[in-house]
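Engineer: Spelled out from the first residue to the last, the chains are:
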Amino acid sequence: MSEAKPVGGKVFTGPFLFFLIITLIGIYFLSKRFIFGIGAVTNMNDGFPWGIWITYDVVVGTAFACGGYSMALLVYAFNNGEYHPLVRPALLASMFGYTLAGVSVFIDIGRYWQIYNVFLPWYTNFNSVLLEVALCIAVYIGVLWIEFSPTFLEAKSGTKSKVNKLMIFFIALGILLPTMHQSSLGSLMILAGNKLSPLWWTPMLPLTFLISAITMGYTVVIFESTISSLGFKRPFETNILTKLSLVIPILLVIFLVIRFGDILMRGQLGLAFNGDLQGNMFLLENILHILPLVILASATNRKSAKMLFLSACFLMLGGLLFRFNTYLIGFNPGEGFHYFPAIGEQFITYTIISAEILLYMIFVKKLPVLSGHGQAKV
Amino acid sequence: MKCRESDFENIPSGVSRRDFLKVCTATAVYMGLPASFGPKIAEAATAAKKRPPVIWLSGQECTGCTETLLRTSHPTLEHLILDLIALDYAETLNTGAGHQAEEYRAKSIEENKGKFILVCEGSIPVKDGGIYCKIAGKPVLEILQETAPKAAAVIAIGSCATWGGVPSAGPNPTGATPVYKILEGTGIPVINIPGCPPNGYNFLSTVLYYVTFGKLPELDDKLRPKFAYGRLIHENCERRPHFDAGRFAEQFGDEGHRNGFCLYKLGCKGPETYNNCSTLRFNDMGTWPVNTGHPCFGCSEEGVGFTVPLHTPANVKNITPAAGLTPINVDHGGGMSTGAVALAAVVAGAALGAGAVAVKKVGQEEKKQD
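As they're listed, the protein sequences go chains L and Z.
Numbers -1 to 376, taken from the numbering used here, label the letters of the first sequence in order.
Numbers 21 to 390, taken from the numbering used here, label the letters of the second sequence in order.
No lab work stands behind these hints, which were simulated from the structure alone.
It is possible that part of the hints are untrue.
[Claimed, not checked] Taking lysine-lysine and the BS3-like style, the derived pairs with C-alpha atoms no more than 25 Å apart in a straight line are: (1) L/301 - Z/387; (2) L/301 - Z/380; (3) Z/135 - Z/170; (4) L/301 - Z/285; (5) L/231 - Z/235; (6) L/193 - Z/135; (7) L/231 - Z/387; (8) Z/135 - L/241; (9) Z/388 - L/231; (10) Z/387 - L/241; (11) Z/380 - L/241; (12) Z/135 - L/301; (13) L/8 - Z/170; (14) L/363 - Z/381; (15) Z/388 - L/241; (16) L/364 - L/154; (17) Z/135 - L/231.
Please read these numbers as outputs of a predicted model, since none were measured by experiment.
Please build the complete structure, drawing on both the sequences and the hints.
Structural biologist: The structure is reproduced here in structure tokens:
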């Protein structure tokens, strides 16, 4: 274990208050949703039963929260102990990302009071991809909290926890579960069939979603490490990030080859140049994947914190757009259905993001998460 | 009279033992009984002495219920009335007529007191002493009141007999009244088989159940057998997936209608009508109103059929959660609103801006740290 230490410092800072205010506004809309129903705050409808809550909070949210998964894969499955200092902050972000995705599902389910039925084995539908996603994510949330638990226990007792002995089992689960549900998040949209534009609909969706999620995991680790260093005035972890960043272009090449190979084989690439919203979004999405590939292909760029961060930003946007395109922009349920997230609906998503940032700030300051050097000033 | 009975005996049934057992087993399965009950039903149906006598009375009706029974094929009507039951009196099917028939009815009632099944088709007018429907000079109200106390059980067939049907529609000029209301308080068991017409098999199954077990099937609070009227038509409708997916025919002949979408918006009463049309269908050829493209009009449901206008949307039952729970129903949803787009644009702009500033800062910090 690296010597992780709490960052320390005041909890109530300017940024903290800003995110707190957004969270409070969101809580107002949340209470409205729980009293007057989904229709009172959202624009979701029979044609678009999934809005930004599923698309952003769950699909994008859990992809961004793949840091824990990707790092566990690298450190434990491929035995690269040198990256260990990055595991805890990645796990923390994953834990919040997934937990809040779980919360979002609860908010999103119209009859939320029936959610317990998902866990009753005698109602299990073994053919349901959605059920697999639901159970998998639910279990993974628990696994993430257990994976992160040594951090709490260390902070409390000051010694290594006994949970560590069992940890290998949970780490294995923590690698297995996201592999299952991140691909299933793609399978979900296979079911959309003709309603989804051929630019995104393909039987390859599970594979592209999985590769994209793993890539996002490493990207988010770079992003979050850089932001932490910047925010808490700590030195950049460029050395370790440089090595890590080599994985990304490799994954990106695989991703793009499958993506374009598939579209070309189905003969649908022409749709990208139609000049309509879907075509343009497809182009933008892929530019945001190709740019970081070009940047990170150069060894010099991989050594620069700025370039690493820039490519991480591009790639996160690209991954976000890939998911938005697949779930909302490329999706057309038929005439008469429209969807654009309503104000209240958006605020609830912003609240989920803010809550994640707030919790991250508190945890990092109070618990031994970041590997310790440098003093916090913020 | 005797000649009539001998006629019945001499008619060859034309049904092999094997076919007959098949029919009985199918009936058992249809009623939700184990297939092993088939032989039992066969035994009950063929035991000549046990053949229960049936008196079929007609009130204010259109004979549609008798007609629907003519369309059944397993068992066929002739098999039913010749082999399974002893149909002693039915105005539509009597071979005799006039006083001869009336006399035979009176005789059968006396002979089989407490054992025969009384089937009532049509509503009973009670206004002005029931003068609006007379048989052999006697109001049907009186005939019912005389006959019912002597019957083992009364089966009211069709919407008219079970809740009033067409004759009871406002302003109900004849005071058309359902059978069970007239017999209220007499303790005579009444079974309702509503429908306009009801499915013949719902009637046959009820009769065969009685023949086999000597008791009535389980009934709901409206005296309807639960095996047939336990569920809403909507629950088993072949167009239900369209309802759940929000795909509706909005007008007759529109694209949705031609594609076989849900008929709810055309006024289909399936969501508030308890019947088994969607699973049992009619005429042994799998047809029923909804699969021909016409909405169900709730013929068997009191307060729906002949009462609510044809194209008024139904009150969907069983989807509305209790008022204490938050609502979940949203129709087509809103498109972009200026506020929502502005908010999304501001947030996206802020995020991009913050990203750009962060990239710049990382660059500056990096230089400092070097």
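Engineer: Check each numbered hint against the structure and report the violated ones by number, ascending.
Structural biologist: Structure breaks hints 4, 5, 6, 8, 12, 13 and 17.
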